[in-house]
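Engineer: These are the residues of each chain, in order.
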Amino acid sequence: MSVTDLFSVIQSSLTADQDVREEIRKVVQGLEQTAREILTLLQTVHQTSGLKDVPNKCQKARDHFNVVKVHLEELKTKFPPDQYYRFNEHWRFVLQRLIFLAAFVVYLETETLVTREAVAGILGITVYRDKGFHLDIEDYLSGLLILANELARLALNSVTAGDYTRPLRISSFINELDSGFRLLNLKNDSLRKRYDGLKYDVKKIEEVVYDLSIRGLGKGDEPTEGKVVEK
Amino acid sequence: MNKEGGFRKRKYDNMQPRNRKEERESKVDPSSPVLISFKSFQKELDAKHDKYERLVKLSRDITIESKRIIFLLHRVSSVSNIEELLNESSVKFGDVRLKIQQISQELIGEDMCQFHRAFSPGLQEYVEAVSFQHFIRTRNLISLEEINRHLIFAPKKEEAEDSEDVAVSDSQGEKQKQLCLQVTPTDYLLGIADLTGELMRMCITSVGNGDIETPFEVSQFLRAIYDGFTYIGNTGPYEVSKKLYTLKQSLGKVEDACYTLTVRGSEIPKHMLADVLSSKTSMSEHEEGL
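Going down the list, the sequences are from chains A and B. The opening residue of the first sequence carries number 1 in the numbering used here; numbering runs sequentially from there. The opening residue of the second sequence carries number 232 in the numbering used here; numbering runs sequentially from there.
FYI, nobody ran anything at the bench for these hints, they're computed from the structure. Possibly wrong hints are sitting among the right ones.
To be verified - Below, in silico cross-link-like pairs of lysine-lysine (BS3-like), each with a Cα-Cα straight-line distance of 30 Å or less:
| hint | chain 1 | residue 1 | chain 2 | residue 2 |
| --- | --- | --- | --- | --- |
| 1 | A | LYS131 | B | LYS270 |
| 2 | A | LYS204 | B | LYS270 |
| 3 | A | LYS76 | B | LYS274 |
| 4 | B | LYS323 | B | LYS474 |
| 5 | A | LYS193 | B | LYS473 |
| 6 | A | LYS203 | B | LYS274 |
| 7 | A | LYS76 | B | LYS282 |
| 8 | B | LYS282 | A | LYS131 |
| 9 | A | LYS199 | A | LYS131 |
| 10 | A | LYS203 | A | LYS187 |
| 11 | A | LYS60 | A | LYS76 |
| 12 | B | LYS288 | B | LYS298 |
| 13 | B | LYS473 | A | LYS26 |
| 14 | A | LYS76 | B | LYS279 |
| 15 | A | LYS187 | A | LYS199 |
| 16 | B | LYS270 | A | LYS187 |
| 17 | A | LYS131 | B | LYS274 |
Using the sequences and the hints given, assemble the complete structure.
Structural biologist: This is the structure in structure tokens:
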């Protein structure tokens, strides 16, 4: 075969590759759209009135996750199942966000940490690589770190909304998460960088708990609605 | 600034746990489901990182060995017994393939693309060495399929040449698949781009040895490769277009050499050509430096 022929073979394989990427990008765009919708929905818990209506919001979010399932089913058909990591960077970001959103919903509902299996269940994918489109462990952990960040914010805002017991619960949850992450030996990659931010979230929540405790707030009392923290 | 940041961070890290230690120990139950699952994550991540490191090490070994083969092959122009050199290089290729086989064994049951970054540099160097040897032998470009054909391994003898087995059952086919490491088109392209640098060196040294045929063959070949790369152009990945610039420089040097050979060849005695050529190339290098 001449050099020109060899290069045209390579060229056609590169073009085929690009077509696949183009298809994936289209589906991922839809996913990002849905992820934004869920986020907007859940963001409202930060508003003073939002905390009261949590179960309803979670239910709505779960409805949206059905759309996500459809999108992910479509994504699965766009590339050969054994080439997950070849195209993985296209959906990595949105998948991490979706994991965070699923974890957030589960936290709001039950105040527990979502398991990997449960996230996979919500998203309609599998945990293990050999069974198809799966949930990468690093993506799962990244999603949990985004959750920690969001909860630090929620601790603050729930105080403003007059819920003084929630920060204490968030604090113990985050502490557990933090000691979980301490068990991991992370490499110097993006996950590690994100993990380095966890200590600031922990610190922020501890400050809230401190503020509450020196004022004698949130010790098992019923939250006093709409009351601003006294200085 | 960097130093200061590092220092501050370390100080912070040291202080954090002490402040919170007592509190945490009382609060977090070591047998809680969260911690148990994180322990399993730890195992999973560690296994993955270990595998990655092993692959990087293998890739380094492959790179070093391939570079040695290339140096060996550069002696071709100064040695009369080319066949002997080629055979020696073939033996060395056997060792390199053994390492590649180890990589493919590490990857059994894994997604190859997940660890691709770990061993890709080694594979590129291997492509460079193999294609260089192929060019010296046949004066032609080795194809991707031909490279990949040499990278199919079988641990058991009976399975080795049985291509029918693959067709018969899927599980068998998967087994067969696990034992080969396929060079991707991108790795191939990058390896070939590196090859052009070696060819340029070979072209210049062969002139030094009074060989007037090789430079023209090389320039012909390089031009074809350059055309191929321009044909691919922007459709290829980013790294490929980055190499295009170096490729153009190599081509320029070789074409320069051929030009000088043609112009001066008729008027200068052959044994002096090398001096003319080397001064010419050093001049053009100087210009690039500016």
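Engineer: Is it true that the CA of LYS60 of chain A sits at most 30 Å from the CA of LYS76 of chain A?
Structural biologist: 25 Å, holds
Engineer: Measure nothing beyond the straight line between the CA atoms of LYS131 of chain A and LYS274 of chain B; if it is 30 Å or shorter, mark the hint as holding.
Structural biologist: At roughly 20 Å apart (the allowed maximum being 30 Å), LYS274 of chain B and LYS131 of chain A satisfy the hint.
Engineer: Quick one, are LYS270 of chain B and LYS187 of chain A close enough, alpha carbons at most 30 Å?
Structural biologist: It holds: about 16 Å lies between the C-alpha atoms, which stays within 30 Å.
Engineer: Can the restraint linking LYS76 of chain A and LYS282 of chain B be considered satisfied, given a maximum Cα separation of 30 Å?
Structural biologist: 27 Å, holds
Engineer: Check the hint pairing LYS131 of chain A with LYS270 of chain B against an upper bound of 30 Å on the C-alpha distance.
Structural biologist: Distance ~23 Å between LYS131 of chain A and LYS270 of chain B Cα, so the pair holds.
Engineer: Holds or violated: LYS203 of chain A with LYS274 of chain B, Cα cutoff 30 Å?
Structural biologist: Holds - the C-alpha atoms of LYS274 of chain B and LYS203 of chain A are around 28 Å apart, at most 30 Å.
Engineer: Starting from LYS193 of chain A, check that the Cα of LYS473 of chain B is at most 30 Å away, please.
Structural biologist: 29 Å, holds
Engineer: When you check the alpha-carbon spacing of LYS199 of chain A and LYS131 of chain A, does it fall within 30 Å?
Structural biologist: 35 Å, violated
Engineer: Taking 30 Å as the top limit, are the C-alpha atoms of LYS76 of chain A and LYS279 of chain B close enough?
Structural biologist: It holds: about 24 Å lies between the C-alpha atoms, which stays within 30 Å.
Engineer: Is LYS203 of chain A within 30 Å of LYS187 of chain A, Cα to Cα?
Structural biologist: 23 Å, holds
Engineer: Take a quick look at whether LYS187 of chain A and LYS199 of chain A sit within 30 Å of each other, Cα to Cα.
Structural biologist: Distance ~17 Å between LYS187 of chain A and LYS199 of chain A Cα, so the pair holds.
Engineer: Check the hint pairing LYS282 of chain B with LYS131 of chain A against an upper bound of 30 Å on the C-alpha distance.
Structural biologist: 21 Å, holds
The structure is inconsistent with hint 9 alone, although it conforms to all the rest.
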